[in-house]
Amino acid sequence: MTNIIESKLKTDEMVLNMGPQHPSTHGVLRVELKLDGEKIVKADSHLGYLHRCFEKHCEAMTYPQIIPYVDRMDYLAAMSNELGYVLAVEKLLKIEIPERVEYIRVIMAEFQRIASHLVALGTFGLDTGAFTPFLYTFRDREKILTLFELTCGARLLYNYIWVGGVSHDLHPDFIRLAKEFIEYFRPKVVELNELLTYNKIFIERTANIGVLPPELAINYGVSGPSLRGSGVKWDIRREDPYSIYDMFEFDIPVGEGLAGTTGDCWDRYYVRILEMEQSLRILEQALDQIPEGDVSAAVPKRVKPIDGISYARVENPKGELGYFIISKGGLQPFRVKVRPPSFVNLSVFSEIAKGHMVADVVAILGSLDIVLGEIDR
Amino acid sequence: MKTFEELFEILKNKFNEEEDISTHKEGNEDVILIAAPKINLVATFLKNEPELNFDSLILLTGVDDENGEKTTNEDGSFDLSGGTLSVYYHLESTSLKHKLILKTSVPRENPVCPSVALVWRGSDWHEREAYDLIGIIFDGHPNLSRILMPYDWEFGHPLRKDYKNPEFYNGMKVPY
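Keeping their order, the protein sequence lines are chains A and B. Residue numbers are given in the working numbering: position 122 of the first sequence equals residue 122, and the series is strictly consecutive. Residue numbers are given in the working numbering: position 94 of the second sequence equals residue 94, and the series is strictly consecutive.
If we strip away everything but chain A, and leave its shape as in the complex, we get:
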């Protein structure tokens, strides 16, 4: 340096790597941020740290063998993953499913939705600096996992929903315990609202941040609570009903910009809160109406579908989860392609993060509720 008086601070753009080991990226995601001071000029996501060739593995396994693997994609919503996969296979096989099985599947999928949303909401609070709600949501999630354990013996990765049926019938106590849980859980949502949703600091951190306009969301294929947060009434359970969802009454909550702009982080968060209440409604109806029957009546001994393609999709807690299966008539699929909701939802991230502060990246990622297990597959 020649002259210390005239030398200035360096004001070049700076590149900051967030992740892959960062608590707020919800897994091994690396976000490459180009910064102008605190402001984000460009945000690129780098994926693949958890890539384990799921789709290649599928081509070497029989159809039922794949089920435990789909558990490991969105590991916070394993039941919903299984449901989507078996629906795609059943579409190729064209088999009738006993009514009791359909009810059990819906009950499990809705419990899974609440459990997954509880993780999303708790960690979102954690990301924005609220530690306590995280403990509350995980306390309640544990109770759902106990119900799952009662049903199939596993707490996280179940291998429960099989092609044509489910692996075990419900435990004799399940319906009583499930109803007790619903009664217990309703006031807890109110508690969470008081603790986090309407908290001034939390609203300051999330309202008007990461606004996702509806047209952009649809153009990017964003789905699930992230899309509904933008005010688009789009839910696969209603638009393209699968299983027996057309038999239940429930509303589709959408973001209305109560705390700021429609489509901001707070809206995406609040849609999840409202969705949990709707899941409770579906659960109540399903638990009351569930018929008796044999759950393994339609499980085929050998899964060997016809030649052809099938695409089945379900409303996963994170969004639209689709399975595209190409069968060439063998015991193994020719090609399995997954449409992971987190993968598509994350692709819009770089678009909405532009112009925000570094600290907002954490809020935006948390509000999109991504799971790297299914992004990287």
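No wet-lab data here; the hints were simulated from the structure. Just so you know, not all the hints are guaranteed correct.
[What the hints assert, rightly or not] Simulated crosslink set (DSS-like; lysine-lysine; CA at most 27 Å straight-line):
1. K328/A <-> K70/B
2. K56/A <-> K25/B
3. K99/B <-> K328/A
4. K233/A <-> K97/B
5. K47/B <-> K328/A
6. K103/B <-> K56/A
7. K56/A <-> K2/B
8. K47/B <-> K233/A
9. K233/A <-> K2/B
10. K47/B <-> K56/A
11. K25/B <-> K304/A
[Said to hold, decoys possible] Taking beta-carbon pairs under 7 Å as the criterion, some of the chain B residues facing chain A (in silico):
12. M1
13. N53
14. L96
15. G122
Since this is a predicted model, take the numbers as computed values, not measurements. Using N, Cα and C, we set each Cβ at its ideal position, and we do this for glycine too.
Could you slot chain B onto chain A? The hints should help.
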């Protein structure tokens, strides 16, 4: 909401060259086959035509059709030459509620397909994935790079049917 036949009729009237557009039944699903060079035109038309309004690309899938000539090696692995790679497009209109599956095939030796990333932005990452794992080159894509595999992976595209694992990658043993 339009049925598959109506949608096909509209497309055929618009792009009325027999060999470019045809229908095809794969199992229970109807698919519209489109010649690869036309895909961008068709995509733009499907999205912008008010009575079609396909505003959302649900899924883009790359497939190795395994229909070329197979030569088996000594160790049981095989090589493919000739044949095609295919791309499936699952489209949906969120306002008019109709769905459509398009399919296009490109030759294995020169797998170039026009990109639709500027029509549906969501296809950006799907196309990168199809390039990464199958090796289809999407012409006109804004940033066609690997997405799931490491950026410096130089051993081909893993979802090809004749893919062979390398023995070492950056000094690390690959098969386990």
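Hints, verified against the model:
1. Of the pairs offered as hints, the one joining K328/A and K70/B holds, with about 17 Å between alpha carbons and a cut-off of 27 Å not exceeded.
2. Taking the CA atoms of K56/A and K25/B, the gap is near 25 Å; set against the 27 Å cutoff, the hint holds.
3. For the hint linking K99/B to K328/A, the alpha-carbon distance of about 24 Å falls within 27 Å, and the restraint holds.
4. Of the pairs offered as hints, the one joining K233/A and K97/B holds, with about 13 Å between alpha carbons and a cut-off of 27 Å not exceeded.
5. Only pairs whose Cα atoms come within 27 Å are accepted, and K47/B paired with K328/A is rejected, the gap being roughly 32 Å.
6. For the suggested pair K103/B and K56/A, the alpha carbons sit about 21 Å apart, so the restraint of at most 27 Å is met.
7. For the suggested pair K56/A and K2/B, the alpha carbons sit about 36 Å apart, so the restraint of at most 27 Å is broken.
8. The straight-line distance between the Cα atoms of K47/B and K233/A is roughly 20 Å, inside the 27 Å bound, and the hint therefore holds.
9. At most 27 Å may separate the alpha-carbon atoms for a hinted pair to count; K233/A and K2/B meet this at roughly 21 Å.
10. At roughly 32 Å between alpha-carbon atoms, K47/B and K56/A are farther apart than 27 Å, so this suggested pair is violated.
11. As the CA atoms of K25/B and K304/A are separated by approximately 19 Å, the hinted pair is consistent with the 27 Å bound.
12. Contact between M1/B and chain A, as hinted, is not supported at the beta carbon level, the nearest pair being about 11 Å apart and thus beyond 7 Å.
13. The restraint placing N53/B at the interface with chain A is violated, with a minimum CB-CB distance near 11 Å, outside the 7 Å limit.
14. Annotation: L96/B was flagged as interfacial toward chain A, and the flag is violated, the nearest CB pair being 12 Å apart, outside 7 Å.
15. With a cut of 7 Å, the hint placing G122/B at the interface with chain A holds, because the nearest CB-to-CB distance is about 3 Å.
Of the hints listed earlier, those the structure fails to meet are numbers 5, 7, 10, 12, 13, 14, in rising order.
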